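Peer 1: Sequence:
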Amino acid sequence: MKKTVMLKKNYEFRGVLNKGICSRGFLLDIYIRKNNKKINQLGIAVSKKAGNSVKRNKIKRLIRENYRLFEKDLDVGNSIVILWKKKIDYNNFNFYDVKNDIFNIFTKLKIL
RNA sequence: AGAGCAUAUCGAACAGUCGCGUAUAAAAUUCGCAAGAAUUUAUAUGAGGAAAGUCCGGGCUCCACAGAGCAAGGAUGCUGGAUAACGUCCAGUGAGGGUGACCUCAAGGAAAGUGCAACAGAAAAUAACAGCCUUGCUGGAAGUUAGAAAUUAGAGAUGAGUUUAUAAUUUUAUAAUAUCUGACCUCUAAUUUCUGGCUUCUAGCAAGGUAACGGUGAAAAGGUGAGGUAAGAGCUUACCGCUAAUAUGGUGACAUAUUAGGUCAAUGUAAACCCCAUCCGGAGCAACACCUAAAAAGAAGGUUAAGACUGCUCGUCAUCUUCUAAAAUGGUGGCUUGAUAUAUAUAGUAAUAUAUAUACUAGAUAAAUGGCUGUUCAAGACAGAACCCGGCUUAUAGAUAUGCUCAAAAU
RNA sequence: UGGGGUGUAGCCAAGUGGUAAGGCACCAGACUUUGACUCUGGCAUUUCGGCGGUUCGAGUCCUCCCACCCCAG
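My numbering numbers the first residue of the first sequence as 22 and each following residue consecutively.
Read the hints as simulated data drawn from the structure, not as lab findings. Heads up, a few of these hints could be off.
[Said to hold, decoys possible] Simulated pairs of lysine-lysine, DSBU-like, Cα-Cα distance not exceeding 30 Å:
id : residue 1 : residue 2
1  : K55       : K131
2  : K30       : K106
3  : K131      : K58
4  : K131      : K93
5  : K58       : K76
6  : K120      : K81
7  : K79       : K40
8  : K40       : K93
9  : K81       : K58
10 : K69       : K129
11 : K131      : K81
12 : K120      : K93
13 : K76       : K29
14 : K81       : K129
[Unchecked claim] Computed Cβ-Cβ distance ranges for the label pairs, DEER-style:
id : residue 1 : residue 2 : range
15 : I60       : F114      : 28 to 34 Å
16 : S68       : F91       : 19 to 25 Å
17 : T128      : V75       : 29 to 35 Å
18 : N115      : D50       : 26 to 32 Å
19 : F116      : S68       : 31 to 37 Å
Treat the numbers as computed from the prediction; the structure is a model and nothing was measured. Think of the CB as a built atom: it goes at the ideal place given N, C-alpha and C, for glycine as much as any other residue.
Based on the sequences and whatever the hints tell you, model everything.
Peer 2: Structure below.
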C-alpha cells in the first residue's frame, strides 16, 4: 500500500474542513482530521481564482510532489486537506518556497 | 539593407536522476459480500496550434416511429463548384478601400402592405405654400393723347402814355409820331393743374397655368449646355447617367454592343415589421448500455389519455403513464481505426476527389507530463485532451521558407 | 455539458434609433456666531464593458470578444 489514497467526495472534504484542525502558512492552509484507518488520505483544492488551468495544475503538481517527499515520515491515521490561498501571484514562488511552507506547518501540527 | 502584402511551417533542445497515467506480459499477495480493484517488476507510450471560447455543422446514443401537412419559432441570402454537412472552403461577378502587392463586403425584394425620418426647412412624399406668369375686377404711379383753365413768350390788332405841331387860356382838343411802349383782346407755342381714353409699372382680391427657383438638411423628385415659352417644365435637342428589349460571349452572376424609351413621377431605411427562396423534430457521453449486493412498495389515471421544448390535424407503433415513498455517495463499458495521418501518382485553375504504400501516435475520472542537477541558445509567448470529427472566432514571445509590391540608391 | 442574466458618474440606477432623466456622495456659494437642516449652482473631458459593422445619426440594431453573477443534471 504505497500508493497515496486521495479524498474524492464532497462530503469527505466538508467533514475535514468543518471539524478538522486548521493551520495557516504563507502559501497554504492545511486542515487535519483523524480517521480510524491505518493510512493517510490527501485532498488538494485550488481555487478557480488562482489562475487558468495551466497554473492550477502546476500548483497541484508542486503540492503533490512535496507531499510525496514527506509521506514516509508522517504519522498514520489522518485525513489531510491542503488549500491554496487565492491572492498569491503565480510568479512569486518556486518549489522550495512550497517545501518550506509545508515543512513548517507539519511541524506545527506535530504529525511529522 | 528599409517599409509592407500573401501563403506555408516550427513554436525550446539534450543528458542524468527521483516520481506519475495508460497498455501489454509475468507471478503471487492484499482489499471488497460481489462486480471488480490495488500492489511489485519489465517493456512501450503519454497535451495543442489554438487542446480555449462553445459560435456553426456532422457522426454516435436515447426519446415507440423520426413519418406527413398547416401554423409558430429560428437560421441563411450575388454566381458556379467542393463537401457527410455547414453560417465553412475554392474559383469568379459586382461594389468599396489602398500608390501598389492586395484587402473588405448578411451583396434577394422598397409600384404586396405597414411603420419611422429628431432639429432645420416652404415641403420628408399626397405634393401643399411662398414665388413667377395669364385673365378679370378695384386702387395707385408714370407716359401719351383730347378738352378746359392758368402762367410765360412771340405775333397781330387796339389805343393810353411820351414827343412834336396847330387851335384856344397854365389846361383842353385835334393831327402827326419811330425797328418806342404797359394792360385788355385775338392767334400761335411752351409749361403747370384738372378731367376722360390708351399704354406701361405696381398693390389687393378672384379664377387659372407652372414646378425651374426657395437660405435648410444625411437625403429635395435625373445632371450640364443650348433652344423654347405668357411664365415655365424632358417641353425639345446634344452629351452623360437610368430603364427595357435584342444580339454576342459566359454553365451562371454578369460583361460588351445595338436599338428603343422623356410615364426616365413614386427618396432612404428590410442588421424596422415584413415578402420571397432554401434549410431546421428534440435532448445530450453527467447521453446510453451492462454487472453485483441490498432494497418496498403504494395510490391514481388510461385508448376521447399520455408518449423528452410550442399549438392543431392525419397516419402508424405500442402498452403503459403520472404521483408519493424507498434504495449504492458501487463497479465496468461507452473510450478511440477514423468522413484518420503521412508520402507518391492521376484528374481539376483551386477547394477537393480517386488510387497505391506506410503508420496506429493520450484515453484520464478529484483527473496523468512534474521536481532536482548540468549543458546550449534566439532566454522560452498564449496556454492543458475529458465522446469524436469538419470549420469559425479569439489569445500568442519569437523563428524559418517561398512568391510578390512600394520607396530609395546604384548600374 | 447545457441554459439564463448583468455591465451607464465614486455608489444606486432610468433611458421609444434623434440634447445621456433622477437620487446619494463630492465641490462651490447663500442662510447661521459655528455646525446640521434647507436653498442655488457645478460635476458623463465626445461618452454608456471592448473592437468592428448597418444607418444621415447608435447607450439602443447586428456580429465577434471581455469581465462578473445565477440555474440544471
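Peer 1: Hint by hint, note whether the structure agrees.
Peer 2: Consistency of the hints with the structure:
1. K55 / K131: Distance of about 13 Å is within 30 Å: holds.
2. K30 / K106: Answer holds: K30 to K106 is near 21 Å, not above 30 Å.
3. K131 / K58: holds (19 Å)
4. K131 / K93: holds (15 Å)
5. K58 / K76: violated (33 Å)
6. K120 / K81: holds (13 Å)
7. K79 / K40: holds (29 Å)
8. K40 / K93: The given pair, whose Cα atoms are some 25 Å apart, holds under the 30 Å limit.
9. K81 / K58: holds (25 Å)
10. K69 / K129: With a Cα-Cα distance of about 28 Å, the restraint between K69 and K129 holds, given a limit of 30 Å.
11. K131 / K81: Holds. K131 to K81 sits at ~24 Å (cutoff 30 Å).
12. K120 / K93: holds (15 Å)
13. K76 / K29: Holds, at about 21 Å.
14. K81 / K129: holds (22 Å)
15. I60 / F114: 28 to 34 Å: Because 30 Å falls inside the window, the suggested range holds.
16. S68 / F91: 19 to 25 Å: Holds: the Cβ-Cβ distance is about 23 Å, inside 19 to 25 Å.
17. T128 / V75: 29 to 35 Å: With a Cβ separation near 31 Å, T128 and V75 satisfy 29 to 35 Å, so the hint holds.
18. N115 / D50: 26 to 32 Å: Hint violated: Cβ distance 20 Å, outside 26 to 32 Å.
19. F116 / S68: 31 to 37 Å: With Cβ atoms ~21 Å apart, the hint is violated.
Hints 5, 18 and 19 from the list above are not met by this structure, while the remaining hints are.
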